[in-house]
Amino acid sequence: MASARVSEIVMTDRHALEAGSQPPLLYPPYKSTVKRAPAQPLIIVPQRLAGLTTPVYGYLPIGDTDNDLTRQHTGEPQGERIIVAGRVLDEDGRPVPHTLVELWQCNAAGRYRHARDTHPAPIDPHFSGAGRTITDAEGRYRFVTIKPGAYPWGNHDNAWRPAHIHFSLFGRSLATRLVTQMYFPNDPLCAYDPMFRSVRDPRAQQRLVARFELSLTEPNWALGYGFDIVLRGRESTPFEGRV
Amino acid sequence: MNAPGQEQKHREPDPLIASASQTIGPFFHVGPGASDACGVVAAPGVPGERIRLRVQVFDGDGAPVTDALVELQQADASGRSWEPAGVDDPPVFSGFGRLATSEDGACCFETIRPGPSSPDEAAHITVCLFMRGLLRHLVTRIYFDGDPAIDRDAILALVPAGRRATLVARGSDDGATWDFIVRLQGERETVFFDV
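Protein chains in written order, with my numbering: chain G, 1 to 243; chain L, 1 to 195.
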């Protein structure tokens, strides 16, 4: 019974790939894929070979200001303060509780605090651009940060990344490991962005775009954006209560 | 979400569309790549044979990949996987490691040799590989050269015989240091798994 369910997961994901709801490995409009995407097909691992499905979890202590990127320095960062909050769910819509959520981003001017970022925009001494938190029992998370800026990159002539926030999640198994990016609503740059466009299914594209939410917005303080993250798999029932 | 009492019990709802993977990009070092402490998978004192494991990554031109993030997951010496008791309990053995590659495309973990988790598998370490240019991360496995159980491993049996060697780490003469080379493309392209 359990193995029938998990083989369903494999099918679901493979079909998702074919339908364009996950990006391909080789996507020449994004130039760096050309020398880095494996040429050989991936070896499909049946889920009954359970060695690859053990729970994974990075141990990283969570600090008091880790979910508030505006309070990690002596002063406040420049830019538009925002709240980014949502739920981590599985494909059945069930919450994924107590799981690590990490994010990182550039500052309001479009500059990462990173030695290899050469974009001539100012570094903000009050913004590191990294946060982490753990989802609660209902799979909820919440960050306070500033809205990241767009920035140029060398992929093609006049290439600009849309404003985005990187997310990293573990979930319950190796199959649920996810690194993704959150985009902002009505950003005209998404239409030109090969990373965004590598996801061909419009519904899957919209999954990566945050919603403006008045209910998350705090009066006289910060706009709120809702961003739910759906991890692969429909396996929560057999594992309920094990987390 | 449906309000209480409105659930449709007679049929399974359509699954939600999963969040798409996106590349980790070149600047992850400000976030998940920030802590070198994650290079210690097993702290000193954890039972088992202590090893240094060097993972080195090359692209399709044979150039070292200087901006990869390498994550390891492994069982302990007796083949058990660690499960977290709570996020604030520092484990001595996490079974998890994470390092960014350097200018030579390599990173080096301190750990112990894992034990086999079941009789039909060889001891191994699972690897997730993230980098600029990978829209989805790659998953592979590290086996240990000379391990007689390699011949009966159920996952290796799925791999064409001519490619199995790409999954085997080579040990130094004293067995204390192991090297695992990842080739993203080319004649000896590493085997990657769809999990």
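Derived from the structure by calculation, the hints contain no laboratory data. Remember, it's a predicted structure, so these values are computed and weren't measured experimentally. We put the beta carbon where it would ideally sit given N, CA and C, even for glycine. You may find that some hints are simply not true.
[Said to hold, decoys possible] So the derived label-pair ranges between C-beta atoms look like this:
no., chain 1, residue 1, chain 2, residue 2, range
1, G, Asp136, L, Glu103, 52 to 60 Å
2, G, Ala159, L, Ser102, 48 to 56 Å
3, L, Gly146, G, Gln78, 51 to 59 Å
4, L, Glu187, G, Ile44, 37 to 45 Å
5, G, Trp160, L, Ala161, 46 to 54 Å
6, G, Pro122, L, Ala149, 36 to 44 Å
7, L, Asp120, G, Thr65, 26 to 34 Å
8, L, Ser172, G, Gly75, 31 to 39 Å
9, G, His156, L, Ala149, 42 to 50 Å
10, L, Gly146, G, Asp201, 45 to 53 Å
Structure-based check of each hint:
1. G:Asp136 - L:Glu103: 52 to 60 Å: With a Cβ separation near 41 Å, Asp136 (chain G) and Glu103 (chain L) fall outside 52 to 60 Å, so the hint is violated.
2. G:Ala159 - L:Ser102: 48 to 56 Å: violated, 27 Å
3. L:Gly146 - G:Gln78: 51 to 59 Å: Between Gly146 (chain L) and Gln78 (chain G), where Cβ atoms are some 57 Å apart, the hint holds.
4. L:Glu187 - G:Ile44: 37 to 45 Å: Once the Cβ atoms are compared, 23 Å apart, the range 37 to 45 Å for Ile44 (chain G) and Glu187 (chain L) is violated.
5. G:Trp160 - L:Ala161: 46 to 54 Å: Since the Cβ atoms of Trp160 (chain G) and Ala161 (chain L) sit about 47 Å apart, the hinted range of 46 to 54 Å holds.
6. G:Pro122 - L:Ala149: 36 to 44 Å: Violated, since Pro122 (chain G) and Ala149 (chain L) (Cβ atoms, about 56 Å apart) do not stay within the stated range.
7. L:Asp120 - G:Thr65: 26 to 34 Å: violated, 47 Å
8. L:Ser172 - G:Gly75: 31 to 39 Å: Violated, since Ser172 (chain L) and Gly75 (chain G) (Cβ atoms, about 50 Å apart) do not stay within the stated range.
9. G:His156 - L:Ala149: 42 to 50 Å: holds, 49 Å
10. L:Gly146 - G:Asp201: 45 to 53 Å: holds, 46 Å
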